[in-house]
Amino acid sequence: MTNIGNDVQFNIYKQIHSPDPNRLPTQFEEWQKQAREILEDGPYEYVAGGSGGEDTVQSNREAFKRWNILPRVFRNVEDRNLKLGLFGDMLPSPVMIAPIGVQSIIHKDGELATARAAASMGVPYIASSASTHSMEEIAEVMGDAPKWFQLYWSSEPSIAKSFVERAEHAGYTAIVVTLDTPMMAWRELDLKNVYLPFLIGEGIGNYLTDPAFRAGLRVPPEEDSMGAIMHWTRVFGHAGLTWEDLAELKTYTSLPIILKGILHPEDAKLALKYGADGIIVSNHGGRQVDGAIAALDALPAIVEATNNQVPVLMDSGIRRGADIFKALALGAKAVLIGRPCMYGLAVAGESGVRQVMNNLLADFDLTMALSGCRDLNEVNKGMILPADR
Numbered sequence: 001m002t003n004i005g006n007d008v009q010f011n012i013y014k015q016i017h018s019p020d021p022n023r024l025p026t027q028f029e030e031w032q033k034q035a036r037e038i039l040e041d042g043p044y045e046y047v048a049g050g051s052g053g054e055d056t057v058q059s060n061r062e063a064f065k066r067w068n069i070l071p072r073v074f075r076n077v078e079d080r081n082l083k084l085g086l087f088g089d090m091l092p093s094p095v096m097i098a099p100i101g102v103q104s105i106i107h108k109d110g111e112l113a114t115a116r117a118a119a120s121m122g123v124p125y126i127a128s129s130a131s132t133h134s135m136e137e138i139a140e141v142m143g144d145a146p147k148w149f150q151l152y153w154s155s156e157p158s159i160a161k162s163f164v165e166r167a168e169h170a171g172y173t174a175i176v177v178t179l180d181t182p183m184m185a186w187r188e189l190d191l192k193n194v195y196l197p198f199l200i201g202e203g204i205g206n207y208l209t210d211p212a213f214r215a216g217l218r219v220p221p222e223e224d225s226m227g228a229i230m231h232w233t234r235v236f237g238h239a240g241l242t243w244e245d246l247a248e249l250k251t252y253t254s255l256p257i258i259l260k261g262i263l264h265p266e267d268a269k270l271a272l273k274y275g276a277d278g279i280i281v282s283n284h285g286g287r288q289v290d291g292a293i294a295a296l297d298a299l300p301a302i303v304e305a306t307n308n309q310v311p312v313l314m315d316s317g318i319r320r321g322a323d324i325f326k327a328l329a330l331g332a333k334a335v336l337i338g339r340p341c342m343y344g345l346a347v348a349g350e351s352g353v354r355q356v357m358n359n360l361l362a363d364f365d366l367t368m369a370l371s372g373c374r375d376l377n378e379v380n381k382g383m384i385l386p387a388d389r
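Be aware that the sequence shown starts at 1, since it is given in UniProt numbering, and climbs by one per residue.
Do not take every clue at face value.
[Stated by the list, open to error] Derived lysine to any residue pairs resembling SDA-like cross-links, with alpha carbons at most 20 angstroms apart:
#1 K161 <-> E248
#2 K273 <-> F87
#3 K33 <-> I16
#4 K14 <-> Q355
#5 K333 <-> K381
#6 K273 <-> L249
Think of the hints as simulated: they come from the structure by calculation, not from any bench.
Generate coordinates for the entire structure from the input sequences, incorporating the hints supplied.
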């Protein structure tokens with residue numbers, strides 16, 4: 001049982017007589033503001049921006065406002081249980097860190113800082129294919145802490161196979177296949193800034209260390225870095241994939257395969273048909289299809305389509321504990337946190353990520369208690385109402 005909300009909150013209030021001048025923010029907006037002050041336009045807008053006119057980025061936030069929590073009272077909520085069993089692991093909470101690439105543009109320690117923060121809290125960390133540090137380096141700093149690997153499925157089959165095999169060998173316990181990025185979207189801010197970090201060698205650490213990738217080079221990347229970068233541009237995405245290809249991927253590994261980027265209920269049914277072990281409802285934080293449905297709006301239909309046959313997770317737009325509560329009430333087993341962690345990383349490195357996650361977990365814990373829930377299974381559709389009702 002946990003009282004993380006009370007503990008985190010009280011530790012802040014204890015500073016009433018001796019305030020810490022270096023105290024980190026508690027508001028999401030302040031984290032974002034400070035990150036904006038620290039980062040140059042290119043890195044900041046690469047993280048904060050979305051595709052097109054960023055309508056989907058806005059829709060992700062607006063979707064949470066369309067649901068109201070309906071609290072219950074006179075319930076014993078003195079102790080709460082946030083633990084969640086997922087793919088054979090017992091996790092301390094239903095919150096994990098989303099796969100985010102090129103974190104080295106945000107902080108010099110990049111993915112290693114975020115991974116260390118996650119490991120110190122027992123929060124699952126999903127390592128991106130597009131990390132600057134290799135999956136093995138990330139796994140090493142995490143030790144036995146829970147970690148999954150996210151796959152961008154290369155157009156070169158040997159690279160995809162090698163990535164999956166390396167991840168399993170390094171101790172990752174699930175493979176998250178991102179489906180919504182066979183190519184990069186039209187991102188106006190990045191185009192304005194003429195900023196794509198991969199072209200300056202950021203975010204390709206897994207490729208530069210991969211034997212299958214290196215086999216396709218004329219000379220090693222240590223001798224011709226630009227040649228390696230250009231090869232990456234040719235093999236990164238794979239727009240020719242279909243559902244039938246999932247069977248091939250399953251032969252590469254015995255790990256659970258979770259499909260990320262599903263928004264349509266018919267795709268959720270196909271995921272079940274072709275053997276997916278889990279689904280992440282996501283629109284990539286509004287970074288791929290501008291004008292797409294908000295992830296939270298897509299969630300109920302996906303949950304209904306899967307009928308509890310596989311776990312359904314969700315990301316895109318989560319900023320506070322109430323958002324986590326609403327996502328779980330609509331059927332998500334767990335949620336993934338993205339941009340807030342990156343703003344924490346920019347402001348204070350490892351400790352910033354840890355503080356962001358502590359704040360979110362504390363806020364969620366208190367929201368759960370004050371809504372009359374002491375266990376995750378009590379957070380259900382009966383605890384929320386449409387805002388226009």
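Hint-by-hint comparison with the structure:
1. Distance hint between K161 and E248 is fulfilled; the C-alpha atoms sit about 9 angstroms from each other, no more than 20 angstroms.
2. Distance check on the hinted pair: K273 and F87 sit about 19 angstroms apart at the alpha-carbon level, within 20 angstroms; holds.
3. Restraint check for K33 and I16: not satisfied, since their Cα atoms lie roughly 24 angstroms apart, outside the 20 angstroms limit.
4. A C-alpha spacing of about 17 angstroms is found between K14 and Q355, which places the hinted pair at or below 20 angstroms, so the restraint holds.
5. Distance hint between K333 and K381 is fulfilled; the C-alpha atoms sit about 13 angstroms from each other, no more than 20 angstroms.
6. For the hint pairing K273 with L249, the CA-to-CA distance comes to about 15 angstroms; that is within 20 angstroms, so the pair holds.
In this structure, only the earlier hint numbered 3 is contradicted, and the remaining ones agree with it.
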